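Trainee: Protein chains in written order, with the numbering used here: chain A, 1 to 176; chain B, 1 to 186.
Because the hints were derived from the structure by calculation, they are not lab data.
Because the structure is a prediction, the values reported are computed rather than measured.
Built from N, CA and C at the ideal position, the CB exists for glycine as well.
It is possible that part of the hints are untrue.
Claimed, not checked - Simulated restraints, written as ranges between beta carbons of each label pair:
#, chain 1, residue 1, chain 2, residue 2, range
1, B, Leu62, A, Glu174, 40 to 50 Å
2, A, Asp161, B, Ala129, 45 to 55 Å
3, B, Lys19, A, Ile97, 19 to 29 Å
4, B, Glu126, A, Lys83, 30 to 40 Å
5, A, Asp161, B, Leu179, 44 to 54 Å
6, B, Glu178, A, Gln157, 45 to 55 Å
7, A, Lys111, B, Gly166, 41 to 51 Å
8, A, Gly147, B, Pro128, 25 to 35 Å
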Amino acid sequence: MSSIFSQPLPSIKSRVPVKTFSLFFCELIKFFNEQTNSVTELQQMLSDCGKQIGVRFLELISITERSRRLSDPEDIIQKVVCKSLFGFLFDRNLAKISLERARQKNDYMIKLKEAVLSQYISQQSYGRFNPEFFLAGIIEGVLQSCGLNVQVSAYYQDRNDLETTATAFYIKLEDS
Amino acid sequence: MPTKNAQNVLKASEAAYSKLPKVSSELLTLTYGVFIQQIFKTTYRIEDVNAKLLEIGQNMGLRIVDDFLSHIVFERCSSFTETCQILVGSGFMYFFGVSGTILSWNEENSQCVFLLKHNLLNNFVEIPAHLEGLKYNNMLCGVIKGALNAINFKVKVEEVESTVYGANDDVFSISLEELLHDETGE
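Sequences and hints are given; from them, build the entire structure.
Mentor: Here's what the structure looks like:
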């Protein structure tokens, strides 16, 4: 049985335009919206979807990088998520992010200047529904695969400014 | 075989594609897989899943035509064959980065069969035996159907061969069923 295991691993990063992904992402959200009754449920569903993707992403990222041992959570978030994951997902300069410590002791925030995957989704629909919960789910999946017990959620950085899509991903480390 | 118009459009779409901001194609592949799993949570029947994928593809296809036409300017197509050449060659190039190839036409020029190498949606996908009959590429079929519907061609699009079932490449067929007329006359 030849099938998928005899195919070569992807060696070059293959890309697809953001607009193609967006078209599909919008349909996905529409579909989930039919299954759920509230914004919170919809966000949770998107996050779960992202988590399933995130757990598979860690392997994809690690194939192309040197193996290394990381134990400090901040190191893991910085190197695996901020550098590797975002570098793998997006073109250079497409997603401008910065990592900060949150006010709570062990929590971190990744601030994204402009949403990439949901850039064509209007903010004014469905109250303050944030489609970036999908990406939050991916981050959560990747970090949980690394062994960190985390919960990741997405918030608009400025609740009152409807023009901007600047999002903060709040990474809450649960004490294990 | 492709007309001069189609060849020019292909060059234009390659140029346009290279300028577009992009994301990882594995993201699309994985998201599509997870999405199909989600659809299966709403229904057990494979025919329903296939129909849902087709419907979703059609919604996407309706919007895709406007996007393409607003970025790539070209002469009006003279025939259904030319339309298909542009859709298969340049449409896929612009949105996917890979160009499809038309393999053959039937005698009346109303049905064509085309090949798509390196289909992003089914990289490393295998269908388990109990889900045999799932048309994994049906969303793509829907996109083509919706796109041609938006320009007044009522078509039937089907997957003929699929890599998820062991074929070497994905092969689709487009059959023209009827020409639609604009609701408001032009």
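Trainee: Given the range 25 to 35 Å, decide if the beta-carbon distance of Gly147(A) to Pro128(B) lies inside it.
Mentor: With Cβ atoms ~30 Å apart, the hint holds.
Trainee: Could one say that the CB atoms of Glu126(B) and Lys83(A) fall in the range 30 to 40 Å?
Mentor: holds (32 Å)
Trainee: Verify the CB-CB distance for Lys111(A) and Gly166(B) against the hinted window 41 to 51 Å.
Mentor: Given range 41 to 51 Å: holds, Cβ gap about 46 Å.
Trainee: Given a hinted range of 19 to 29 Å, is it respected by the beta-carbon distance of Lys19(B) and Ile97(A)?
Mentor: For Ile97(A) against Lys19(B), whose Cβ atoms are near 23 Å apart, the range 19 to 29 Å holds.
Trainee: Verify the CB-CB distance for Leu62(B) and Glu174(A) against the hinted window 40 to 50 Å.
Mentor: holds (44 Å)
Trainee: Starting from the range 45 to 55 Å, see whether the pair Asp161(A) and Ala129(B) falls in it by beta-carbon distance.
Mentor: For Ala129(B) against Asp161(A), whose Cβ atoms are near 52 Å apart, the range 45 to 55 Å holds.
Trainee: Does the Cβ distance between Asp161(A) and Leu179(B) fall inside 44 to 54 Å?
Mentor: At roughly 49 Å between Cβ atoms, Leu179(B) and Asp161(A) fall inside 44 to 54 Å, so the hint holds.
Trainee: Can you tell me whether the CB distance of Glu178(B) to Gln157(A) sits inside 45 to 55 Å?
Mentor: holds (52 Å)
Violated hints: none; the structure is consistent with every hint.
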